[in-house]
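Single-letter residue listing:
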Amino acid sequence: MKMTLNINRKEHEVDIKGHETLLEVLRDQLGMTGTKTSCNESECGACTVIIGKKATLSCITLVANVAGEEVTTIEGLAKGEELHPVQQAFLDNGAAQCGFCIPGMIMSCTALLNNNPNPTQEEMEYALDGNICRCTGYLKIFEAIRDAGGRLSEMEAPKESTFYRHTPETVSSKS
Amino acid sequence: MQTINKDYVNPVGKSVPKIDGKGIVTGQIKYVFDVNLPNMLVGKMLRSPHPHARILSIDTSKAEKLPGVKAIVTSKDTHLIKYGSNEYFFPHTVDQLPLEDEKVRYIGDEIGAVAAVDEETAEEALKLIDVKYELLPAVFDMEDAMKPGAPAIHEAMNNIAVILPVNFGNADRALKESDYIREDIFRTQAAAHSSMEPHVCIGQWENFSNKITLWSSSQAPFKCRESLAKCLKMDLNDVRVIKLAVGGGFGSKLEMLPMDFAACLLSQKAGGLPVKITYTREEEFSFSRRKHGMIYKLKSGVKKDGTLMVMTGEVIADGGAYCSYGPTVIAAAIMRTFMVYKIKNFRINGYRVYTNNPISGAIRGFGGVQSGFSVESHIDMLAKGIGMDPVEFRMKNATDPNMVTINKMYLSSNGLKECITKATEAADWKNKHGKMRNMSRGIGIGIAADVMGSKMYKSHESAGSIVKVEEDGSVYLFTGAADTGQGSNTALSQIAAHELGVSYSRIRCKSGDTEITPFDTGSFASRVTFISGNATKRAANDAKKQILSVVAEEFKAAIEDLDIIAEQVVNKKDNSVIMNFDKALDLCYSFNYGRQIIGRGSYNPKTTPVDFRTAEGNVSGSYGFEAQIAEVEVDRETGQVKIIKMWDAHDIGKAINPQAVIGQIEGSMAMGIGYTLYEDLKFKNGRVVNANFANYRLPKSLGTPPMETILIETIDPEGPFGAKGMGEASLLPTSAAIANAIEDAVGVRIKELPITPDKILKALKEKEEQERLKSPETPVSAARG
Chain A
92 MKMTLNINRK
102 EHEVDIKGHE
112 TLLEVLRDQL
122 GMTGTKTSCN
132 ESECGACTVI
142 IGKKATLSCI
152 TLVANVAGEE
162 VTTIEGLAKG
172 EELHPVQQAF
182 LDNGAAQCGF
192 CIPGMIMSCT
202 ALLNNNPNPT
212 QEEMEYALDG
222 NICRCTGYLK
232 IFEAIRDAGG
242 RLSEMEAPKE
252 STFYRHTPET
262 VSSKS
Chain B
2 MQTINKDYVN
12 PVGKSVPKID
22 GKGIVTGQIK
32 YVFDVNLPNM
42 LVGKMLRSPH
52 PHARILSIDT
62 SKAEKLPGVK
72 AIVTSKDTHL
82 IKYGSNEYFF
92 PHTVDQLPLE
102 DEKVRYIGDE
112 IGAVAAVDEE
122 TAEEALKLID
132 VKYELLPAVF
142 DMEDAMKPGA
152 PAIHEAMNNI
162 AVILPVNFGN
172 ADRALKESDY
182 IREDIFRTQA
192 AAHSSMEPHV
202 CIGQWENFSN
212 KITLWSSSQA
222 PFKCRESLAK
232 CLKMDLNDVR
242 VIKLAVGGGF
252 GSKLEMLPMD
262 FAACLLSQKA
272 GGLPVKITYT
282 REEEFSFSRR
292 KHGMIYKLKS
302 GVKKDGTLMV
312 MTGEVIADGG
322 AYCSYGPTVI
332 AAAIMRTFMV
342 YKIKNFRING
352 YRVYTNNPIS
362 GAIRGFGGVQ
372 SGFSVESHID
382 MLAKGIGMDP
392 VEFRMKNATD
402 PNMVTINKMY
412 LSSNGLKECI
422 TKATEAADWK
432 NKHGKMRNMS
442 RGIGIGIAAD
452 VMGSKMYKSH
462 ESAGSIVKVE
472 EDGSVYLFTG
482 AADTGQGSNT
492 ALSQIAAHEL
502 GVSYSRIRCK
512 SGDTEITPFD
522 TGSFASRVTF
532 ISGNATKRAA
542 NDAKKQILSV
552 VAEEFKAAIE
562 DLDIIAEQVV
572 NKKDNSVIMN
582 FDKALDLCYS
592 FNYGRQIIGR
602 GSYNPKTTPV
612 DFRTAEGNVS
622 GSYGFEAQIA
632 EVEVDRETGQ
642 VKIIKMWDAH
652 DIGKAINPQA
662 VIGQIEGSMA
672 MGIGYTLYED
682 LKFKNGRVVN
692 ANFANYRLPK
702 SLGTPPMETI
712 LIETIDPEGP
722 FGAKGMGEAS
732 LLPTSAAIAN
742 AIEDAVGVRI
752 KELPITPDKI
762 LKALKEKEEQ
772 ERLKSPETPV
782 SAARG
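Chains as they are written, first to last, in our numbering: chain A, 92 to 266; chain B, 2 to 786.
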C-alpha cells in the first residue's frame, strides 16, 4: 500500500504493508538513520520524533497512523549549516557524549521548549524522564536546555500544548 | 585554505566542543548500527536454551531449505581455536570458542548462526535447527561452584579459573600488633553496561582475495583484529576492523563476542555478501557481558592512633561461563588498595570462579567499584571503631606523591590528600558529619585511585599517532584510539593542535581503522588521554619540526630558535614573528621544497612488568586520584534514600578539556548512584529475568542530584601537558560514599548492594531491636527517630 508521509516539511512516498512502525520506515525505507533504535519497546526514548507538536516514540507508532501528520525528525531541525538553538546548546554545553540518545533527547527538549522556553528544574526532569542517557548523568543536558531556552525566548515561541507524555500534569494526575 | 577559529588557538585547557559534535547533534554521524550495505544479509545467533549441557547433534538441514536463508554456520565451520582476553598474563584462561562445539555453559551460549534476507526469515530458520542436548547438572552460586563435587564447567579444579594470592609484609604479626581488629563481609551484585547502542557488527569476507572486513562497534579494534585473525587462521593484515562512532561501551565492547566471528563466517559461506548482526536490547542484557558479582571478605587491624596496620581477606568473583577479562578484573579489585592507602601488611586471596551464569567481563571501574564499596565501607567502620573521624583516618593513611607502594607501584604525581581536603571543604564536612542525624541526613566519603593503562593483552601498551599537515592547511590526526563517546578524539585533537601551535579548528581526526591508523590497544583502563595523548603530542611535535626545518633552511636560522605558537612561526630569541602558519606551509609545499609534512609519534609508558601471581610491579605510567562525598537523606518510614548532593574532587593531572572531564565525572557519579541504589541484573537458574529497561532500572533525569566537581591539576611529569586519564575513577568511591552517608544519617550499615529500601528498613528494625534489648525499659516508639 502506498502512502505519503510529511516528514521535515517534505512529502515522501512509501510502500507499506501496514504493520511497520514509523521508526522502521524512517530508518529502513527512507534512510533517515538519525532517529535511533535502542530498546524498541518504548522504554528509552532514543526513537523520539515530534508529530504535530508532540514528542512521540516512533518505535510504538504505526506509520499508518501518521498519515496527514507533520513529522519532524532530528534531520529536520537545522536550517542548512545553521544549527537549531537546541542543537547548538547541546554542542556548546557538552551535553552529548556517545550521542546515541541525543537525537531523541534533542527532540524531547525541542518539544518541551516550544511550549515552555523557561522550564523549571522539575519540569525539565519530568519532560526528559522517558529519555535514557547512560553517559552524561543529565546535568549537562539540563544546562543545555536552560541555554537553549534563553536562545529560543529571544525568538518567537508558540504557546500550545506540545506534550505527549511525562508532563508534570499527567504524572501528578495519575498519582 | 582553512577557515581558522581564533578562539581555538592554544586549545589545551579549553572547553572546545566535541570534534564530532555537529554530527551528533544533527544525527548525521554514522554508527555501525546505521550502516546498510548493498545486498546486506541479516544474521542471528543460535543459542543454547540450557545453562549446562553436552551438544549431541546439530541438524541444520530443514533450516537450509527455508527460502531466503543464505548461510548457516556451526563449530564445524571454524578451526576450533579458542579466544580470550588475558592471553598475555593468564594464557590458561583463553577458554571461549567462536562457536561452541561440545558443550554449552550458560543460557545463551552461541553454537551457530544464520544469515538470511531479512530478520523474520533468520528467526524462522533458527527455530528449524534441531539441536540435541544431554543436560548436565548446573551450578549458579559462586560459593557452591567452589565446593568439591560441584559440576565441572571447564577443566579448572573446583571451577576456580584463577587464584590470585596477594601477600606482602607479615599480616599475622601485624594483626597481633593492632589495637582494634574488625571483620566484615560485603556483597556486590551483577550489573549491565546498558550502552544505548547495542552490540552490532557487519562482516564481509572478500572470497576472491580472502580478506575480511569487520565493521564493529568496538572499544578495541586492534584487539578484535588479532582475535579474528587467530581464530579464523588469517594473516593479521588480511583482517580489517573498522570502528565508526560508538554509542557507548563502558567495557562491554572491549572484547569480541561470538557474533563478530559469526558475521565473517556467514559472509564467507554466503559468497561474500555482507552480514549484519545486531543485538536486541534483550540480547544485550542477557548475552553480552556483565559486572562481576563479588563477595569481599575483609579483616583488618588498626592502631589507636589511626595507623592502618594490616588488611587481610578473600575476594570471590562470580565469573559466569567463561573467563573474559575476569582474571585481570580480580587482580585490579585487589591491587587498587595499594594506590590509596600506605599499608605494609596485606594478604588477600582472590578467586575468579566459573558458574553457569552469563559471562562476567570488563565494565567501567574494572573491579574497582566492587572493591571500592567494600574497602571504603570497611575503612569507615575501622575509623569508627577507634573513635576517629573517617576523613582524619583517611588523611593519616592516604598515599603521598613520589612514593613506592608495597607492591612496587610508583605514584609520581598524587593529589589524593588535596582531593580529600578540597572535597571536605566544599561539602562542609566539619559542620555536617555526625550532626544531621536529627533530620535523618548524613554525609559520607570515599576515596579512590586508578591506573592509566594496564597492558592487559600485550607485553607493550604502545599507542601510535600520525599528524599529517596538508597543503591547504588542514591537519589530519590519525590515531588507533577508539573514541566510544568519552571524547578521546576531541582531547587528542586538542593535544595535536596545541603541540603543533595551531587552532583546533584545523584538526580532522581519523580513528579506529586497523588498515589506516597506527596501532593502539584501545579504550580501556582510562589510558587514552595519557598514552595515546603522549603519542599524539610526539607526532605533532615531529610535524612541527619538519615545518620549522624548512623555515630554518629558508631563513638560515637555527631550528632550535624557532617555534610555532598560536598560528605564528616565531623566533624565540627576539620573540619576532617570521610568518604565519599558512605561509610556512606555502613554503613547505613550494617549488623549491615540496616537502610533505607527516609527523609520527609512538609512546609506550614507563612501567615495570607486573607479576599477576603476586600483584607486584608498576602497572601504570601514572595514577589518578580522587575523593568523593555524598550527602543523603533517608526516609525512616519507607527506607528511601535521597541523594541531596554529590561532590567529587579529582586529581586529573591537567584537564585537556574541562567540560569533557566534568562530563565524565558527572556521568560516572550517575552510574555509581544507579549501581548503589537500584541497578541489579537478576538471574534465576542462569537466566536473566530483568532483561529490559522497564525492569532493569537505570538512572533517569528525574531526581538527578546536584553534583559539584573540583578539578585538581597536579601536572603529571609524564602526562601530555601534565594530563592523566580519568574515565573510570569517579565511579569507584560512589557506593561507599553513599553507604557511609546512610550510616551517618540513620546509624545502620548496609554491606550488600544495591542498597534498596527493604534492606534499610530491615537494618533499622534490627537496630531498634538491639537498642531495645540493651535498655528493656525503653518503649519502642522512643527508639525511633
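Everything labelled a hint here was simulated from the structure, so no lab data went into it.
A few of these clues could be false.
In silico DSS-like pairs for lysine-lysine, Cα to Cα no more than 25 Å straight-line [claimed, not checked]: (1) B:K83 to B:K436; (2) B:K305 to B:K436; (3) A:K170 to B:K23; (4) A:K101 to B:K23; (5) A:K144 to B:K15; (6) A:K170 to B:K31.
To be clear about the criterion: a stretch of chain A counts as covered by chain B if any three or more of its residues have a C-beta under 8 Å from a C-beta of chain B, and this derived list gives those stretches [to be verified]: (7) 136 to 145; (8) 193 to 207.
Every value quoted in this text rests on a predicted model; they were computed, and no experiment measured them.
Idealized CB from N, CA, C, for every residue including glycine.
Hints versus structure:
1. B:K83 to B:K436: The given pair, whose Cα atoms are some 58 Å apart, is violated under the 25 Å limit.
2. B:K305 to B:K436: holds, 24 Å
3. A:K170 to B:K23: Given pair K170 of chain A, K23 of chain B holds - Cα atoms ~13 Å apart, limit 25 Å.
4. A:K101 to B:K23: The given pair, whose Cα atoms are some 23 Å apart, holds under the 25 Å limit.
5. A:K144 to B:K15: violated, 37 Å
6. A:K170 to B:K31: Cα-Cα ~20 Å, so holds.
7. 136 to 145: Answer violated; 1 residues pass the 8 Å Cβ test.
8. 193 to 207: holds (count 3)
The structure fails hints 1, 5, 7 (numbered hints given earlier, in ascending order).
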